[in-house]
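Enquirer: Hey, can you work out the whole structure from these sequences and the hints?
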Amino acid sequence: MTYEDKTELIIEAGRTEKQYWKDLWRYRELFYFLAWRDIVVRYKQTAIGIAWALIRPFLTMVVFTVVFGKLAKLPSEGVPYPILVFAAMLPWQFFANALSECSNSLIGNANLISKVYFPRLIVPGSAVIVSFVDFLVSGIILLALMAWYNFVPDWRIITLPLFILIAFGAAMGAGLWLAALNVKYRDFRYIVPFIVQFGLYISPVGFSSSIVPEQWRMIYSLNPMVGVIDGFRWAILGGKVELDWPKFILSLALVALLFASGVWYFRKTERTFADVI
Amino acid sequence: MSDTVILVENLGKKYVIGHQQRLPYNTMRESMVRGAKSFGRNLLKPFGQKVPNPAYEEFWALKDVSFEIKQGDRVGIIGRNGAGKSTVLKILSRITEPTTGRISIKGRVASLLEVGTGFHPELTGRENIYLNGAILGMSRTEIKKKFDEIVAFAEVEKFLDTPVKRYSSGMYVRLAFAVAAHLEPEILLVDEVLAVGDVGFQKKCIGKMEDVGRDGRTVLFVSHSMNTMTSLCNRGILLESGTLCSDTSAEEASRIYLNKAFSVARGTPLSQRRDRSGSGKVRAYSFRILNEEGREEVSLESGKDYYFEIGYHNHTGIIIKDVVVSLDIYDERDIIVFLLRTNFTNSNLELKADRGQIVCRIKNLPLTNGLYRFSIFISDADREILDYIEDAASVSIEAGDFFGTGSPGLPSHCKILAKAEWSTS
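Residue numbers (our numbering), protein chains in the order written: chain W, 104 to 380; chain E, 22 to 446.
If you are wondering where the hints come from, they were derived from the structure by calculation, not from laboratory data. Please note that a few of the clues may not be correct.
Sample of chain E residues lacking proximity to chain W, with all beta carbon distances greater than 10 Å (derived) [to be verified]:
| no. | residue |
| --- | --- |
| 1 | 81 |
| 2 | 85 |
| 3 | 168 |
| 4 | 182 |
| 5 | 224 |
| 6 | 225 |
| 7 | 262 |
| 8 | 280 |
| 9 | 330 |
| 10 | 359 |
| 11 | 364 |
| 12 | 402 |
| 13 | 420 |
Capping the alpha-carbon separation at 35 Å, the derived lysine-lysine pairs in DSBU-like fashion look like this [as the list claims (entries may be wrong)]:
| no. | chain 1 | residue 1 | chain 2 | residue 2 |
| --- | --- | --- | --- | --- |
| 14 | W | 147 | E | 165 |
| 15 | E | 325 | E | 342 |
| 16 | E | 84 | W | 125 |
| 17 | E | 165 | W | 125 |
| 18 | W | 287 | E | 302 |
| 19 | E | 35 | W | 371 |
| 20 | E | 224 | E | 167 |
| 21 | E | 35 | W | 287 |
| 22 | W | 287 | E | 186 |
| 23 | E | 84 | W | 287 |
| 24 | E | 179 | E | 165 |
| 25 | E | 373 | E | 302 |
| 26 | E | 166 | E | 224 |
| 27 | E | 166 | W | 125 |
| 28 | E | 127 | W | 287 |
| 29 | E | 127 | W | 371 |
| 30 | W | 147 | E | 166 |
| 31 | E | 35 | W | 125 |
| 32 | W | 125 | E | 229 |
| 33 | E | 342 | E | 373 |
| 34 | W | 371 | E | 91 |
| 35 | E | 35 | E | 84 |
| 36 | E | 167 | W | 125 |
| 37 | E | 167 | W | 147 |
| 38 | E | 84 | E | 281 |
| 39 | E | 179 | W | 147 |
| 40 | E | 186 | E | 302 |
C-beta: ideal position from N, C-alpha, C; glycine also.
Expert: Pasting the structure below:
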């Protein structure tokens, strides 16, 4: 971080500083440091440490497979049910964790926000990065499952980063809204766990979205996570699952809208954070 | 070397304060109700005057403040509690936005409003140096380069891999300041962080800040301590209830400040004072000094017995137990000569549910003649500050017969009188 630039900094009411994005770049290492802090702190004084990031999704997957696959006997699209579940669980867990971490991130770092300047976007941003690390760790389980069932994905697996990016956008967009609202209205502290719990049932995590009746599919895709999860299944499970493109594009547009409006609202309210937090 | 680095024009900052607010933040229901009400009002009376909400009051923490700072200036910003000192710093460091006005700054700014911001108790000293450095705006390579210097300055080599939650408070503060001191900004903004740590370390910090000033960098220093301010700064800006009162040399500013402090303490009755802090659940509304016969005294005499009586209103309507009351006594140079504090003597008080008096008796007043000021501090154990008024009263003390020999002591040399027994052998 060198500060050769002798440009004048202007501070004025209501000014959306052009500086902001430049500052964001200048402080980029802070993304890393805050994420690193959260990860290190989380596993301090725990006996099995990072293994927790594996155990939780694994157990949930087992429960879902038993309940939806074995007891309810839902269709498995010709792939082993655990893999069907886990291909959806990965993005869902990522989204759910990112959303809750993100929405609490500003309040959790209130002391920083009222005492130091840095682009506030870094705080929720690094919260999402923390969840992304968890996502990568639990990705190991998927690899293990594939090895266990001798399941080989086809070329579509290379499109996976694209869908990760979409999941990232959805989590960040919704997270920014909730984080900013949470600063002012602590009601959102109670709303977020509810959204996460509720979302798990209305998103096709434990089952394939093909069991949703055709006439409801359009409305169903209004849930941005439907597009993300279907995309994940399409990329991981290969030709066994078809992607419904118009509905996927609808989901995609919604994610883009969510993300853009999240950034907009966050930027708009950010300058008063220090006064209200 | 005398080009302007900071130019502040007509700076203002408005806060909206809620009166019966229990929580510092809103709940959505309140906002919705308020929104619906004003919508209804506008619907009924579209051209009517806007009705101000009585529960919310506008408060200008700063109003129309303008000043200019040149490169290499070391400026002390002083003022009473709530004069807007910290607000100026917060705006300059971009933590909060001004409501009006404009500021232009040239150069890299680092601000230090609190020691150890962002320290995480679970992380080790080493980890915290990196984290804190990054938060304050240093890059990883920069921190790596200065790491040894920081550790040496903080004197914590042995504990680098211990979580800071196991540090003593002195070590914690030393480490935190060390990180901040090794930032290399062109403009350094500091808020009274030196009030912490032991004396040796404080000296070191001041030394470090003098170095910064000597290098031709600019320092803005918000302070309560006139001594530190005058020794460190060459310019003083005095703020008074949000406006600029004077902008002169450090010595002159400190002189004006002290003069004002005495006149405030003498002038305004306590019940009308608004420059206080604390939650306000309890307010001190009167302060009297009574002699042994219970008559009020304005000027005291060394060596006599007195009662300090604080009248209070308790607005909570319930009895408050374990209340700490402190009387801080300052001399003319703004040095606290002593504190009378209930928790020193395990005599914390219980306040009545409505109003009453707190009485503090002092025997053999051990102060030499001169002018003194009292600050009153009332807190609910360690939980919250209920009321704090600086310069609540001023009093002049006359030479008296403390020693029983007629000697007044040497008021120009000492402030405190103590009896001692001498002998030879």
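Enquirer: For this structure, which hints from the list above don't hold up?
Expert: none
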